[in-house]
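Peer 1: Listed here are the chains, written in short residue letters.
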Amino acid sequence: MSVDLATVKRVAHLARIAVSEDEANRMMGELNGILGFVEQLSEVNVDGVEAMTSVMPMAMKERQDAVTDGDKAADIVANAPVTDQNFFLVPKVVE
Amino acid sequence: MTDLTRLTIAEAREKLRAKEFSAVELTDAYLAAIAAANDKINAYVSVTPDKARSMAKASDDRIAKGEAGALEGIPLGIKDLFATEGEHTQACSHILDGFKPRYESTVTQNLWNDGAVMLGKLNMDEFAMGSSNETSYYGPVINPWRARGSNQQLVPGGSSGGSAAAVAAFLCAGATATDTGGSIRQPAAFTGTVGIKPTYGRCSRWGTVAFASSLDQAGPIARDVRDAAILLKSMASVDAKDTTSVDLPVPDYEASLGQSVRGMKIGIPREYRVEGMPEEIEAFWQKGIAWLKDAGAEIVDISLPHTKYALPAYYIVAPAEASSNLARYDGVRYGLRVDGKDIVDMYEKTRAAGFGQEVKRRIMIGTYVLSAGYYDAYYLRAQKVRTLIKRDFELAFQAGVDAILTPATPSSAFGIADEDLASDPVKMYLNDIFTVTVNMAGLPGIAVPGGLDSRGLPLGLQLIGKPFEEETLFKTAHVIEQAVGKLTPEKWW
Chain D
3 MSVDLATVKR VAHLARIAVS EDEANRMMGE LNGILGFVEQ LSEVNVDGVE
53 AMTSVMPMAM KERQDAVTDG DKAADIVANA PVTDQNFFLV PKVVE
Chain R
175 MTDLTRLTIA EAREKLRAKE FSAVELTDAY LAAIAAANDK INAYVSVTPD
225 KARSMAKASD DRIAKGEAGA LEGIPLGIKD LFATEGEHTQ ACSHILDGFK
275 PRYESTVTQN LWNDGAVMLG KLNMDEFAMG SSNETSYYGP VINPWRARGS
325 NQQLVPGGSS GGSAAAVAAF LCAGATATDT GGSIRQPAAF TGTVGIKPTY
375 GRCSRWGTVA FASSLDQAGP IARDVRDAAI LLKSMASVDA KDTTSVDLPV
425 PDYEASLGQS VRGMKIGIPR EYRVEGMPEE IEAFWQKGIA WLKDAGAEIV
475 DISLPHTKYA LPAYYIVAPA EASSNLARYD GVRYGLRVDG KDIVDMYEKT
525 RAAGFGQEVK RRIMIGTYVL SAGYYDAYYL RAQKVRTLIK RDFELAFQAG
575 VDAILTPATP SSAFGIADED LASDPVKMYL NDIFTVTVNM AGLPGIAVPG
625 GLDSRGLPLG LQLIGKPFEE ETLFKTAHVI EQAVGKLTPE KWW
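Residue numbers (our numbering), protein chains in the order written: chain D, 3 to 97; chain R, 175 to 667.
Be a bit skeptical, because a hint or two may be false.
Using 35 Å as the maximum straight-line C-alpha spacing, the simulated DSBU-like pairs for lysine-lysine come out as follows [as the list claims (entries may be wrong)]: (1) D:K74 / R:K523; (2) D:K63 / R:K564; (3) R:K482 / R:K601; (4) R:K467 / D:K63; (5) D:K74 / R:K415; (6) R:K467 / D:K94; (7) D:K94 / R:K515; (8) D:K11 / R:K274; (9) D:K63 / R:K640; (10) R:K415 / R:K558; (11) R:K564 / R:K640; (12) R:K467 / R:K660; (13) R:K225 / R:K214; (14) R:K439 / R:K239; (15) D:K74 / R:K274; (16) R:K214 / R:K439; (17) D:K11 / R:K214; (18) R:K461 / D:K11; (19) R:K239 / R:K193; (20) R:K640 / R:K482; (21) R:K461 / R:K482; (22) R:K274 / D:K94.
With the Cβ distance kept under 8 Å, some of the chain D side facing chain R (calculated, not the full set) [claimed, not checked]: (23) V13; (24) A17; (25) I19; (26) V21; (27) M29; (28) M30; (29) G35; (30) L43; (31) V51; (32) V57; (33) K63; (34) D77; (35) N81; (36) P83; (37) V92; (38) V96.
Note that these hints are calculated values from the structure, not bench results.
We treat Cβ as the ideally placed atom computed from N, Cα and C, and that holds for glycine.
All chains, please: the whole structure from these sequences, using the hints.
Peer 2: This is the structure:
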């Protein structure tokens, strides 16, 4: 399978990465190179093989149902580019 | 006084306890070495001298009181991927601009609890994506090794290139690193150091910036096998904060050094003889086989038939997980923000400015293979192939093999800004051809120096073990180390 320019732009938008026309063109070549490389997986017979879900067999851990953390709003917003009274600020999203 | 930075962790540990010198003196020696060399090597992206001295002072106090921990007063470098409270933590990406966590990763906290001293944060490929340390926002790391009679600058490997170069150039006593597809073992091989990626689940991933969560594992890079064993003992733990942390006690890895390998079965996988591999690599592999045979191990030929599919499957699984993990960098909660006309425009501009080329490439691949209509053909198939890769190893171990010996990399260190590699991402990916299978199967793997090639550059051998049998790897790697001796670059920096 290979991607065309329109697909590259669509995927870039899905990934929320702005791309220029030049970048999209360059990426198209690179992505097709990688997709060509991974194409060899189609040779492998995977009939009846289960997809891996956990690389090491382990039982899911259960946590105690208790509040163990919190009250640190100032820590949580400390690294945010724009905040106001412990809220993250974003451009307006509702009209 | 002798150069304190030349001491191994084991040596420094003894001399500190015997009060031959203080932890502050040892730390000062490293800080001076970093100040003199970092312009040339670029191993550190942030040096923390005040913190280092105050931690060293506290170590001296504990030593005086007879309360020394396992790593008391030992100065370490920390890969920029580990969250360190109040200190530079950016995964060497522009998108985490200015990020200083309000918490400490479990791995680094374990080290500090044992008395280790932090010298600073080490350079790496951006978000651990790369095999040459050239994708870092902070520029490439220069390998302390040069080919004989040459001034050409070589890469230290990646993604833990800063960790490997700092250890090889005596700019820290040991370093933390992480390995998603070979990022501990390949740079260790390129710098004549020892690096171990433990079994998935042995070190907590809590507080380590995520790349591909089902593959990422932390481990040490050290000057010798003993130091790697000492560091891993401290880094590994059972951690309730990481649901994939395994509930098994951490053994005393150092105790396995010097144990006999007599009667051990070492598997030699025929699929690791790849087309175009330099004859020298094959010759070193044969030497490794001979050393283990001389030590009484039994050598058996084995087959791991799905080996060639590990790298293509990795380049689906790892980017898919990365595209999800890196979705959090949105210009809202931390790091860089580039304003836009609306929120989506802000996201897109922020991520376009904040991520480098390689990271964008992998996010794009990951987004594509997970997008509607392609999931089954790519991601699901790759996870099935991964099951087959793991099964290959399980069958070999069931047949009685105790460990597997392979080359660590298909070549020695290459030049900075290699045009051939820069023009074709897949060529760069091939660096991980011998290491990536281990991540796909979750197994432990260690890279140990095998000797110098004809150009005078180090080459590494890799040992792969059964899950949670790191001790087998340490004792076997120690036998190889005894045969090879330690490799030290000639100082030019």
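Peer 1: Does each hint fit the structure? Answer for all of them.
Peer 2: A quick look at each hint next to the structure:
1. D:K74 / R:K523: The hint holds at about 30 Å.
2. D:K63 / R:K564: With Cα atoms ~23 Å apart, K63 (chain D) and K564 (chain R) stay inside 35 Å; holds.
3. R:K482 / R:K601: holds, 15 Å
4. R:K467 / D:K63: violated, 43 Å
5. D:K74 / R:K415: holds, 18 Å
6. R:K467 / D:K94: violated, 70 Å
7. D:K94 / R:K515: holds, 10 Å
8. D:K11 / R:K274: It holds: about 34 Å lies between the C-alpha atoms, which stays within 35 Å.
9. D:K63 / R:K640: holds, 23 Å
10. R:K415 / R:K558: Measuring from Cα to Cα gives roughly 29 Å; hence the hint holds.
11. R:K564 / R:K640: holds, 11 Å
12. R:K467 / R:K660: Holds, at about 21 Å.
13. R:K225 / R:K214: holds, 24 Å
14. R:K439 / R:K239: violated, 47 Å
15. D:K74 / R:K274: Satisfied, since the Cα-Cα distance of roughly 15 Å is no more than 35 Å.
16. R:K214 / R:K439: violated, 44 Å
17. D:K11 / R:K214: Since the Cα atoms of K11 (chain D) and K214 (chain R) sit roughly 40 Å apart, the hinted pair is violated (cutoff 35 Å).
18. R:K461 / D:K11: violated, 51 Å
19. R:K239 / R:K193: Distance ~12 Å between K239 (chain R) and K193 (chain R) Cα, so the pair holds.
20. R:K640 / R:K482: holds, 20 Å
21. R:K461 / R:K482: The hint holds at about 24 Å.
22. R:K274 / D:K94: Since the Cα atoms of K274 (chain R) and K94 (chain D) sit roughly 27 Å apart, the hinted pair holds (cutoff 35 Å).
23. V13: holds, 5 Å
24. A17: holds, 4 Å
25. I19: Hint on I19 (chain D): holds, closest Cβ of chain R at ~5 Å, below 8 Å.
26. V21: Where the cut-off is 8 Å and the nearest Cβ of chain R is about 7 Å from V21 (chain D), the hint holds.
27. M29: holds, 6 Å
28. M30: violated, 10 Å
29. G35: Holds. Min distance 6 Å.
30. L43: holds, 5 Å
31. V51: holds, 4 Å
32. V57: Interface hint status for V57 (chain D): holds (3 Å vs cutoff 8 Å).
33. K63: Since chain R brings a Cβ to about 5 Å from K63 (chain D), closer than 8 Å, the hint holds.
34. D77: holds, 4 Å
35. N81: holds, 4 Å
36. P83: P83 (chain D) check passes; min Cβ-Cβ to chain R is 4 Å, inside 8 Å.
37. V92: holds, 5 Å
38. V96: Cβ of V96 (chain D) sits 10 Å from chain R, so the hint is violated.
In summary, the structure is inconsistent with hints 4, 6, 14, 16, 17, 18, 28 and 38 from the numbered list given earlier, while agreeing with the others.
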